[in-house]
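What follows is each chain in one-letter form.
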Amino acid sequence: MHSKSAALRLYVESALAGRMASPFCPPPSEPPRTVPAGIPVLDAVTGGLPRGGLTEIYGPSFSGKTSFLQSALATRTASSEVCALIDAHDSFDPAGAESAGVALRQLLWIRCKTLDHAFRSVDVLLHGGGFGMVAMDLSDAPARLVRQIPLNIWFRLRRTVENTSTILLVLSQESNAKTCASLVLRLEKEAAAWSLEERSLPSPALHTPACLLDGWASTGEVIRSRARPKNLHFLSHPAIPESKDLVRFDLRMKEARSLFSEEERITDPG
Amino acid sequence: MSFAAIFVPNFTFQAIARGEPELRIEPVAVIEGQPPTYRVAALNRLAEKLGVTVGMTKANVEQFPQVQIRNRSKTQEEMGHQALLDAAWSISSRVEDAGRDTLLLDLSGLSRLFGGQEQIAHRILCRTSELGMDVHIAVSANVETARIVARALFGITVVPDGREARFLESLPVAMLSPSPQLAEIFERWGVSTCKSLASLPVLDLSERAGQEGVHLHALAGGRATRPLLIVQPTDCFEECFELEDAVDNLEPLSFLLGRLLQQVCVRISARGLAIGAIHVTFELQTAFESTVLFSPDAISARKSPRTFSCTLQLPVPSQDSTLLLKLLRLRLQAKPPGAPVRKIHLLAEPGRSRATQSGLFVPASPDPQKLELTLARIATVVGEGNVGSPYLLDTHRPDAFHMQKFFVPPATPPHRGPRSGAQTAFRVFRPALPAWVQLQKKVPARVAFQGMLGTVIRASGPWRSSGDWWEDQSWQEDAWDVEIQFTSESRTVEGLYRVSFDLRFEKWWVRGVYD
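Protein chains in written order, with numbering that gives the first Met the number 0: chain C, 0 to 269; chain L, 0 to 514.
Treat the hints as calculated values from the structure; they're not laboratory data. Since the structure is predicted, the reported quantities are computational estimates derived from the model, not experimental observations. Take these hints with a grain of salt, some might be off.
[What the hints assert, rightly or not] Straight-line alpha carbon distances no greater than 30 Å define the calculated DSS-like cross-link-like pairs of lysine-lysine that follow:
1. L:440 / L:404
2. L:506 / L:441
3. L:506 / C:112
4. C:112 / L:404
5. L:325 / L:342
6. L:404 / L:334
7. L:440 / L:506
8. L:369 / L:404
9. L:325 / L:404
10. L:334 / C:112
11. L:73 / L:342
12. C:112 / L:325
13. L:369 / L:441
14. C:112 / L:57
15. L:506 / L:57
Using the sequences and the accompanying hints, generate a full structural model.
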């Protein structure tokens, strides 16, 4: 029996000689090459965005998904890469992205109205090739509809982007890509940070009784990662020593508004 | 000094067969004239074998069911002539246009570039066959000899220097194109070949046949010389195709467009250029007047323009006819002509081929030609105005930008990235959502939109902006960054929004959300 299977194996190997190196041995899986997303704390815990793989960022609204996307776009365009954003619900803010460092000339923006348009566009775009990062923003799409996308679509996207140097980044409210994703990161919003909170009454110089929004903090949890470095110790984050997959990071408002001088604030004509 | 002559036999038929190559293996008769007196103007050898002759009426030709009948097209003949000129200019810049079917080339100094006279002639033959034309080529030190030999002999003929008379001696006098009176005189004299004409005493000939006779005598002896009348190369690459029956389907239309594009690409690449832009104009069939009154479809067809134009601007000049056809197809799918097409006119703007090399340390970027096709495909899905690169307008108006065509930027080495750490991002609601806002001490206290009512926990503002007050589209608004708490029976949700009060219309809007 053993000799028969060995002979069969030898026959198959000789028949496929020149076409497949080793038909009975899967190719050795190497860890994907990764690049930073621009948020050092998250990059340390995730190992970076994997090239040739699907990265899924999910979480509720206000959790910082768009901030993460903006940071990744800024980092990639700064590396002279050409990026594409498939905006499923036309909610990208180009002015804010530019102030965050995104080179808009290197960004192809596709404004979709439906999920179908978004998936068809990403398919065409990935087959075209040559992009450093292709991001698909499904954050505003109803979670119920995104959940209905068959798993084979995600497999197809993964297969398309495989063996290329493209990063496929998907933003959504829930995790949908499952095992197709090389990196799954869940983001959650924590408290917003406000300054000048103690000032409650209007004054002649500062008429407004309100305070300033400085940003907010979010937590990121690595749900799945193929490229994550092992044995990480986050000594700089003593607040969450119990989990190496959970990290807290701050998102700051752009300086132009935070550093708005008091003289420039409008005064109440009354 | 040597000259080459290119002659296209049966030019009328070949001009049509250039657009329809399948006609070369079928008997074809080309007719011209006014209905109902159509007569055969040209035909190919297969039709001749069946018994069709020049001058036959259309009714007579229709007796031969296997013979294809085509109308003579002056436009296609003009395009064929232009293509022939392009082939000639791709070899030599000194070209004389000696008729719609004959070109004369000065080959001086080309031997170092292309080789001997025979190699040059072969190269000319290759170029013309790429254009879909069978030609006769003759090379001689005497320009008139080259012209006459090319008209008379098939294939390539190289006349050695000093042996012009030997090559001409067996040719009939009619090849010298004498006037009808002189041809009649020669016939009466029994002078039928160039040899017999060349052997006549020139003085006696001048007394009886005048200067024309002397000139023909010199031609027959291979001694007539004259300078070339050079035509300047043009950058006009046009192709045109007239349809016997109007086409209203994209499939046959793209088939015809593919042929025209292929012809243009061959012509333009022969000149060492590439296509930078393509302008396609379709002449449309107009609706019949009587049907206009009754049929609603015909009414809409009447409203449609008589011509339909479409321009394709390429980011990088290309010679790839397949790519151009795909782009044109996608453009026509998105915006089809409103009526059946009966004539296609294609004008290509030439551009210099790309001759740059990507840097070794520069990240890979999409291939411009492939990207153009990708963008065209996506544009058919999401609409043309929804694909591109955002360009921020020089104004403080919220969300002011316009979409510009996306080009792959020139490769630059990586530069210093943004500051480490993330900046908050904003998601824009397009269009802005109308909101109800309750103020408390001039600060938003409660906000309702999209059927949700929330309490404002914190608010920052107002941030006033205004502009364009000198125009109709002025704006003036106070913006607030607010943290709103929405409480429902099951849970409490907080979010950071930007709401704004439009001072012109006194309305509240939710502009977007921080995420």
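Violated hints - listed by number, lowest first: 1, 13, 14 and 15
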